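Go by the hints and put chain B onto chain A.
Protein chains in written order, with our numbering: chain A, 1 to 471; chain B, 1 to 471.
Certain hints may be false.
Where chains are identical, the list cannot tell them apart; a pair therefore holds if satisfied intra-copy or between any two copies.
The calculated SDA-like cross-link candidates involving lysine to any residue, where the alpha carbons are at most 25 Å apart (straight line), are [what the hints assert, rightly or not]:
no. : residue 1 : residue 2
1   : Lys334    : Phe320
2   : Lys205    : Asp102
3   : Lys305    : Glu274
4   : Lys334    : Ser456
5   : Lys279    : Leu313
6   : Lys305    : Leu398
7   : Lys279    : Val444
8   : Lys305    : Glu278
9   : Lys279    : Arg291
10  : Lys305    : Leu379
11  : Lys305    : Leu366
12  : Lys305    : Leu100
13  : Lys279    : Ser92
14  : Lys305    : Leu127
15  : Lys279    : Thr467
Keep in mind the hints are simulated off the structure, nothing from the lab. Keep in mind that this is a model prediction, so the values were computed, not measured.
2 protein chains.
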Amino acid sequence: MSANPPRADSSASPQDHLEAFEHLIRRARVAASLTPGQVVSAEMQAPLRRRLERVHPADVAYVLENLPLADRLLVWEQVEADDRGEILLEVSDAVRESLLADMENAEIVAATQELDADEIADLAPDLPREVVQDIIEAQDVEDRAELQAALSYPEGTVGALMDFEVVSIREDVTVEVALRYLRRFDELPGQTDALFIVDREDRLKGLLPLKRLLVSDPDVEVETLHERDPISFSPEDDADEAAEAFDRYDLVSVPVIDADGRVIGRLTVDAVLEYVREKQEAQQLGQVGLREEEDIFASVWDSAKNRGPWLALNLLTAFFASRVVGAFEGSIEKLAALAALMPIVAGIGGNSGNQTTTLIVRSLALGQVSAANARRLLLKEVGIAVLNGVMWGGVLGLVAYGLYRNVALGGVMALAMLLNLMVAALAGIFIPLAMERFGRDPAVGSSVFLTFVTDSMGFFIFLGLATVFLL
Amino acid sequence: MSANPPRADSSASPQDHLEAFEHLIRRARVAASLTPGQVVSAEMQAPLRRRLERVHPADVAYVLENLPLADRLLVWEQVEADDRGEILLEVSDAVRESLLADMENAEIVAATQELDADEIADLAPDLPREVVQDIIEAQDVEDRAELQAALSYPEGTVGALMDFEVVSIREDVTVEVALRYLRRFDELPGQTDALFIVDREDRLKGLLPLKRLLVSDPDVEVETLHERDPISFSPEDDADEAAEAFDRYDLVSVPVIDADGRVIGRLTVDAVLEYVREKQEAQQLGQVGLREEEDIFASVWDSAKNRGPWLALNLLTAFFASRVVGAFEGSIEKLAALAALMPIVAGIGGNSGNQTTTLIVRSLALGQVSAANARRLLLKEVGIAVLNGVMWGGVLGLVAYGLYRNVALGGVMALAMLLNLMVAALAGIFIPLAMERFGRDPAVGSSVFLTFVTDSMGFFIFLGLATVFLL
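One chain only, chain A, in its complex shape (with noise of 0.2 Å):
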């Protein structure tokens, strides 16, 4: 989010910077062990923080993530106040909590005071309440509106990214005159490729791209030159549209606009970028069930309360499974063979419907699935599931006859495959359209659900048929 071009130490690599730190907190270390009460001294710390100072706060955040907490909070300490407000966003979720869980909360306070709104509002949710507070009343009148603006956007909206760093200019001045006036500006904020052109209202009426502003006579007017019917957004509109639509027209700015069409900010790209990669990550995570990232070097027992609730989850589907064996039990006794055969079964099932279950997510991700092609989408799943199961549920009853001389069985085990592929294509398309109609993300946790269903009928139906057939 920041405009702040990387500071002089750029060329260096972040692993560059951990390193050099690495050297200096083991300096300060030594030199603490030879003084009596071994404590780091502001004296011993001087070196860190010359350093801190060159280096850019996405740096700093990386460093901060790959040391040990002790080390982390040491260094931590040495960072100016101004600078902590952009490294806290920089970091991660989970080694955010354990620097804020240093800092007094008149110092979180500090800390906010150099950032834009929109960089607050991203702070805010895993700040104490309190805090929220006190930073909203720290602010004065104009960037207290904007702050109360940014915070009432939900996650996952155009609104929840934007900023407020707009440049915007009448349509009825020369390019000389537009140039003139950006000359009052200190430096344009970052990701600036377009000046917003609005009436006497601030309604939004075109843009003008620098790179035409740029190679344009002076005296043309900017009427001629800019935009008409640009792109824009409003704060309610999903991000991920807005990210698609970032990728799909190589936008860098698209001016925000309210209901009745006035500029209100702007999403950049760089936004974009980091919505684009967080909720990859958290996708990532989120299908094994992991709800958020885990600093390297969290405990055991912070990981494993992280880890707990999924494991706890699949316990019990795992459970209910175990049971539609269970009910088996006879027929198995009978024919251990059974036993052995019945985890293939249920694990191609598993794998297949993930196949499916990954395309929908992919296919309603892009806005391709419609009334009008659900159903073909469904008769090709199950077509595919046809032809698969008629070819490896043959190989596999092939294979069953082979090991175990046993016709009957063979037929079974092909039949079996057949039907929980079918199986597994039908919850494959309905699991995530259902997650999807309720609202939730179905690239996280669907995966959980369709097991518990090949896993659950693929017992069922192979102990089953073998129950009627072979017993």
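Okay, now just chain B, sitting in the frame of chain A:
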């Protein structure tokens, strides 16, 4: 990659365009059904053609992706040769294949005439070899050199993503002169947020951000304004690391330099955003063994071919696990409860191991796994496994006892859970590390190996312990 702004109709959503085209196609087909031979004549297609001229190439791509093959080709044949290249760039791989299959070699060469070297290089892997040769020969000398350079960089490098639309100036000029120089362009390339400052030999000396140029006094020397030692990449640099830098420092365009420091191109944020999104897609699909995105209108047969190899691989691993169970059939005959309980041990091991793998994959991607903390990670994961194993193993041991009133069975269940969770932790760490070591993407495929280990070992540990202690 394209620098074109959206065309006039940009306020319509891609879905609106799709509906409009579906309507036009239906009308053309109805008109055709009334003529002898039922051919859709040129006249009937005129409305389609007119509409196509007003739609952004990226939206045409969306429309083509969402039409069944016959309709898709009907529309495609109405697209102007000049627009085809850009649309080919935008469509998904599977749809591109269907469009290229419908084109003569000469048409393909014609379609690439309007593309830049880096864009042609993006298409090249999907084109027949002789067509690529024809395209190279159709270029003039300078473009040919660029194209050959672009073709030479392997996927996943900065070189494969960069373009050649560089705007550079010398440092010994004033802002006034720089602005006058820029006015000689018709329009600056898209995503230009800075001018590259070079010496006589084209060696990079610094960057002049437009946001600073625009606010500067015309008489000031460029030299006093520009950023020295800016971030730059080599064409051989890893694209993931470049994406990380774009995210970290909020970059828009970055110079790409050769070993002598000469500017040979630039990397822009739109290319990075597209790369990040495509990589994310590829990983999501790859996790369930889909080698490429499926055209939602692909035939059942083509889809089955795309999904088959993964099912075959999983079948092999499931078969192996099944043979592990087969080795204990004697035990299962004596105590069928084992068959009901064994999937729980295997399944929870798989869930837990996948959590570990996901975190390790993430740490690898962020460059957080070093020799120094590998040991720490290992101890931590094993620690979590022991904690979870004691807790959930205890719960399940009690459940098993409750169900079967057999103390020894409960004990075996608890111990097997504990041991398999430890196996899962070790496998969850070593499998992605080994894949990374062998140059494969650990996000793709780690899961199938992991599940193989946790299933086979889960069955072996549980049934083995049961055989020793219960029978």
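Unsatisfied constraints (hint numbers, rising) = 2, 3 and 15
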